[in-house]
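Trainee: Let the sequences and hints guide you as you build the complete structure.
Taking UniProt numbering, the leading residue of the sequence shown gets 1, the next gets one more, and so forth.
Warning: the hint list may mix true and false statements.
Label pairs and their calculated CB-CB ranges [claimed, not checked]:
#1 V154 - E109: 20 to 28 Å
#2 N98 - N121: 28 to 36 Å
#3 W37 - E79: 14 to 22 Å
#4 E137 - G103: 29 to 37 Å
#5 E52 - E87: 26 to 34 Å
#6 T159 - K107: 29 to 37 Å
#7 S59 - N157: 26 to 34 Å
#8 K155 - N34: 21 to 29 Å
#9 K102 - K26: 40 to 48 Å
Below, a list of computed lysine-lysine pairs in the DSS-like style, where the Cα atoms sit at most 27 Å apart [as the list claims (entries may be wrong)]:
#10 K68 - K160
#11 K132 - K43
#12 K74 - K43
Keep in mind the hints are simulated off the structure, nothing from the lab. For each residue, glycine too, the CB sits at the ideal point set by N, CA and C.
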Amino acid sequence: MKKNIVIVLIVIVSFYSLACKAQVKKTLEPKLENISWISGNWKGEAFGGITEENWSEPSGGSMMATFKLINNNKVSFYEIEIIREVENTLILQLKHFNNDLKGWETKDETVDFPLKEITANKVIFEGMSFEKVSDNEMNVYVDIHQKNGSIETVKFNYTK
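Mentor: Spelled out as structure tokens, the structure:
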């Protein structure tokens with residue numbers, strides 16, 4: 001009898017453990033509809049100023065965004081960002097602009113972030129990730145390469 005109880009407990013614990021693992025990190029297909037929660041008008045603070053990021057709903061195989069940083073009531077810089085479906089995956093690409101729209105990157109150059117993983121509340125690209133905190137809050141983490149070769153991850157906390 002004791003042996004049967006032990007076997008039943010082991011089976012229950014094993015199934016419970018598998019169910020928990022499946023819920024914790026279920027990866028989703030690399031489709032824009034799986035990350036549509038990013039869309040909206042987001043505001044936050046970073047780099048000592050006010051940030052704003054506006055993401056469109058998925059359409060035409062892409063999502064697009066504009067970003068701006070305001071310091072001392074003046075725009076420091078802008079970004080144009082896109083996430084698009086390419087060859088059964090997603091890629092995030094962006095370009096930076098000074099406050100007078102002079103580009104940082106050359107004409108045909110983009111800063112690219114290939115997709116690593118999508119879960120129910122995270123989109124992880126190489127060097128940038130989005131985390132859904134709630135329907136009205138998200139965190140964006142950006143790896144910024146320093147002159148000394150190190151990488152600093154900057155957190156942007158946004159609310160709608």
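Trainee: Against this structure, judge whether each hint is valid.
Mentor: Now the hints, each set against the structure:
no., hint, result
1, V154 - E109: 20 to 28 Å, "holds, 22 Å"
2, N98 - N121: 28 to 36 Å, "holds, 34 Å"
3, W37 - E79: 14 to 22 Å, "holds, 20 Å"
4, E137 - G103: 29 to 37 Å, "holds, 31 Å"
5, E52 - E87: 26 to 34 Å, "holds, 32 Å"
6, T159 - K107: 29 to 37 Å, "holds, 35 Å"
7, S59 - N157: 26 to 34 Å, "holds, 27 Å"
8, K155 - N34: 21 to 29 Å, "holds, 23 Å"
9, K102 - K26: 40 to 48 Å, "holds, 44 Å"
10, K68 - K160, "holds, 15 Å"
11, K132 - K43, "holds, 14 Å"
12, K74 - K43, "holds, 16 Å"
In terms of the numbered hints stated before, the structure departs from none.
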